[in-house]
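2 protein chains.
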Amino acid sequence: MKFSAKRFFLGLLSLVGSVALAACGNLQNADLSGSDTSTSTSNKSASYQITGNTDGTQYSALLTDGKYKVSTSRGLTVDQNSNAFNLASFESGLTTISKGTFSPEKYAFQEGQYISRSTANSWLKRESSTNEEGLNPKDNGSTEPDKRAPIYLQEILEQDFLERTSTSYKIAGVTIGLGLNEIDYYQKVQYGATFKTTISQAEREKQGKEMATKILARLRKKKELANATIVFGLYKQAANDSLVGGTYFATAVSKSGTTISEWKTLNQENGVLPVVNNQKAINDGDADSFSNFKTKIQSFFPNLSGVTAQTHYENGTLQGMKIKISTQFFGVNEIQSFTQYVDTAAKRYLPANIPIEITISSVEGIQSFLSRESGDKDFYTHVFSSY
Amino acid sequence: MKFSAKRFFLGLLSLVGSVALAACGNLQNADLSGSDTSTSTSNKSASYQITGNTDGTQYSALLTDGKYKVSTSRGLTVDQNSNAFNLASFESGLTTISKGTFSPEKYAFQEGQYISRSTANSWLKRESSTNEEGLNPKDNGSTEPDKRAPIYLQEILEQDFLERTSTSYKIAGVTIGLGLNEIDYYQKVQYGATFKTTISQAEREKQGKEMATKILARLRKKKELANATIVFGLYKQAANDSLVGGTYFATAVSKSGTTISEWKTLNQENGVLPVVNNQKAINDGDADSFSNFKTKIQSFFPNLSGVTAQTHYENGTLQGMKIKISTQFFGVNEIQSFTQYVDTAAKRYLPANIPIEITISSVEGIQSFLSRESGDKDFYTHVFSSY
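Chains as they are written, first to last, in my numbering: chain E, 1 to 387; chain C, 1 to 387.
There's no promise every hint is true.
It does not matter which identical chain is used: a pair holds within one copy or between any two.
[What the hints assert, rightly or not] DSS-like cross-link-like pairs, simulated, lysine-lysine; straight-line CA separation at most 30 Å:
1. K347 <-> K67
2. K99 <-> K377
3. K322 <-> K377
4. K106 <-> K221
5. K324 <-> K67
To be clear, the hints were calculated from the coordinates, so they are not data collected in a lab.
Since the model is a prediction, treat every value here as computed from it, not as a measurement.
Using the sequences plus the hints, can you model the full thing?
Printed below as a string of structure tokens:
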């Protein structure tokens with residue numbers, strides 16, 4: 001069986017749809033404010049609530065019958081060997097794409113409810129006589145890396161967007177993310193050595209666009225989605241040993257019909273600092289800034305283990321950093337003192353005007369964190385504590 | 001050997017002195033602002049820096065020769081069977097006491113440097129012919145819980161406070177915390193069963209005050225501390241199986257001399273919600289508020305494991321809550337959605353006007369957190385993410 005169980009489970013896991021948050025702050029969306037009084041809907045006699053008010057940047061999530069509505073394909077086991085960063089960035093990147101079409105001020109989120117567990121299972125498998133719906137290619141019999149037909153599609157993710165009506169919410173559109181492999185890992189024999197087929201960007205893009213068109217036609221057959229807005233995002237899975245997740249490389253919007261008339265190219269890149277294995281940094285200036293920051297804080301505190309960063313670029317410009325600092329500290333006040341010092345150093349050395357998240361952890365877990373939103377000058381800092 | 005190695009190490013661990021942070025925010029302390037340019041001191045030809053500017057509520061820490069100065073007794077192993085909450089609240093509680101005498105706007109913090117590793121070792125042991133400095137009582141030969149002489153003093157913690165001079169910092173005072181047992185755990189034979197001696201509040205207070213007086217006389221003999229302000233805090237260690245740390249019950253300030261003229265009683269209490277083992281909540285109204293919050297969020301999200309809180313009371317009034325929520329979530333957007341809902345529920349159900357920290361964790365560690373400072377109405381929320 002070429003289609004491994006681990007790929008199958010990984011694919012299904014990601015079909016857990018999506019819903020999002022509103023952080024603290026301004027309530028700009030009066031339409032969504034009736035969060036706690038249940039409202040009967042006209043068509044299904046269900047009651048609707050949302051998780052809270054949106055601040056306009058994050059979605060409110062729709063709840064049904066007083067509960068959070070999980071996807072039907074929730075709860076399957078994730079393969080621990082795969083890259084957890086892919087899971088996170090696949091989902092958060094799709095949410096970002098969704099916001100381009102479905103404004104959080106107008107639409108509520110719901111985990112994907114239209115692609116069922118068995119459907120996702122079937123789509124992620126290879127096409128075969130017993131699985132005509134399979135989106136991955138038929139097995140051509142070869143097990144050679146360059147001759148076999150690789151598994152292109154690794155994950156599918158559906159997000160639903162609902163519009164408020166006078167008494168309830170109705171579906172307005174869905175976003176579908178397709179996670180496409182850069183490297184397809186496979187075994188020639190069960191439990192055997194792992195081999196790799198590397199897939200070119202051109203081939204990945206071609207395959208992804210064809211799959212999206214097939215999915216569009218299938219979704220249009222569903223009555224609720226016949227006239228809904230359907231958005232696609234094509235995502236390149238990072239390699240299993242990558243220290244950062246993959247990125248979206250194309251997106252398209254279908255307002256109606258079964259053809260996708262226009263694909264928009266997304267120029268995203270993720271990186272890691274400090275660079276390893278003589279790789280080149282995406283941007284030397286940003287790498288230097290991080291290096292100065294790292295040197296500064298390591299020179300001050302003797303017990304510091306590691307300082308690493310994930311970076312995200314769009315069109316060549318740094319969009320944000322996630323910095324992880326590992327310590328061997330255990331004292332409450334030493335952590336507080338260190339957090340203060342990191343705050344000082346971050347303001348002085350790290351690139352300005354981008355969102356930055358810094359977590360400081362010991363073997364016992366997170367000890368403190370600092371966060372700066374886009375456009376802010378100061379970091380919010382918090383040291384975790386107990387009584 | 002009655003004085004167990006684990007107690008010994010635990011005691012030493014806590015001698016790691018202290019230093020603290022300034023969070024983000026207003027810089028009110030111009031005196032401490034020269035943080036990055038090293039200033040030579042007149043007496044030791046060392047250079048001084050601080051970790052950052054204080055916001056007036058937290059200390060800046062003094063750094064020496066460009067490095068964070070750890071206590072000489074740092075790095076010893078903590079006994080994993082002991083209560084980690086004690087370690088944290090012993091230290092953070094002492095910092096709170098210190099602020100009463102040494103304002104963060106005027107003084108910088110430094111880990112304890114005056115009680116050496118060997119001295120702490122000696123003080124924490126029993127008094128004996130070979131250890132005359134021991135603050136714990138002589139072994140009376142009995143191993144019966146009610147007849148033996150228990151170990152009263154479990155931990156010592158020193159914090160140093162420095163005043164800015166024209167060119168450097170000089171010691172202005174120290175704070176000494178004494179961690180005193182409510183229950184002394186002991187073995188009659190090595191590796192044998194654990195027995196307990198329970199110590200009354202009256203006896204703990206009497207012993208703690210006598211020890212403080214002895215320590216005061218010893219510290220006054222050190223030239224640098226002869227005229228320094230010396231503050232004491234007496235702390236009741238929580239039992240090993242407690243889900244919350246202990247509390248300080250008395251404090252005193254010595255401006256000069258070797259007598260402590262006045263002890264101030266501190267009326268602090270820590271609790272856990274929901275209450276367990278048919279215990280009574282410290283305050284029924286607060287327990288009801290928490291229960292409503294817990295019920296509300298558990299009814300909404302099917303995959304929620306646990307919701308617990310630590311509470312801290314002073315003079316019978318709730319001073320803060322630390323809430324831990326465990327989930328089985330793994331989706332980015334589900335965590336965001338849940339965080340938004342917790343925000344809504346916390347504002348509606350939890351007691352107003354007190355600081356509250358809420359962490360949401362899965363088996364993979366912290367996923368998001370919410371924090372409200374004293375006096376604030378809204379929670380700051382943050383969902384951790386990666387690229």
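Results for each hint:
Proximity of K347 and K67 under a CA criterion of 30 Å is satisfied inter-copy only: 19 Å between copies versus 42 Å inside one chain copy. For the identical chains of this complex, K99 and K377 are neighbours both inside a copy (25 Å) and across copies (29 Å), given an alpha-carbon limit of 30 Å. When the C-alpha separation of K322 and K377 is checked against a cutoff of 30 Å, the pair qualifies both within a copy, at 17 Å, and between copies, at 29 Å. Within a single copy, K106 and K221 get their C-alpha atoms as close as 26 Å, which meets the 30 Å cut-off; across copies the closest is 72 Å, which misses it.
In the homo-oligomer, the alpha carbons of K324 and K67 lie at most 30 Å apart only across protomers (21 Å), although the nearest pairing inside one protomer, at 34 Å, exceeds that limit.
Taken one by one, the earlier hints all hold for this structure without exception.
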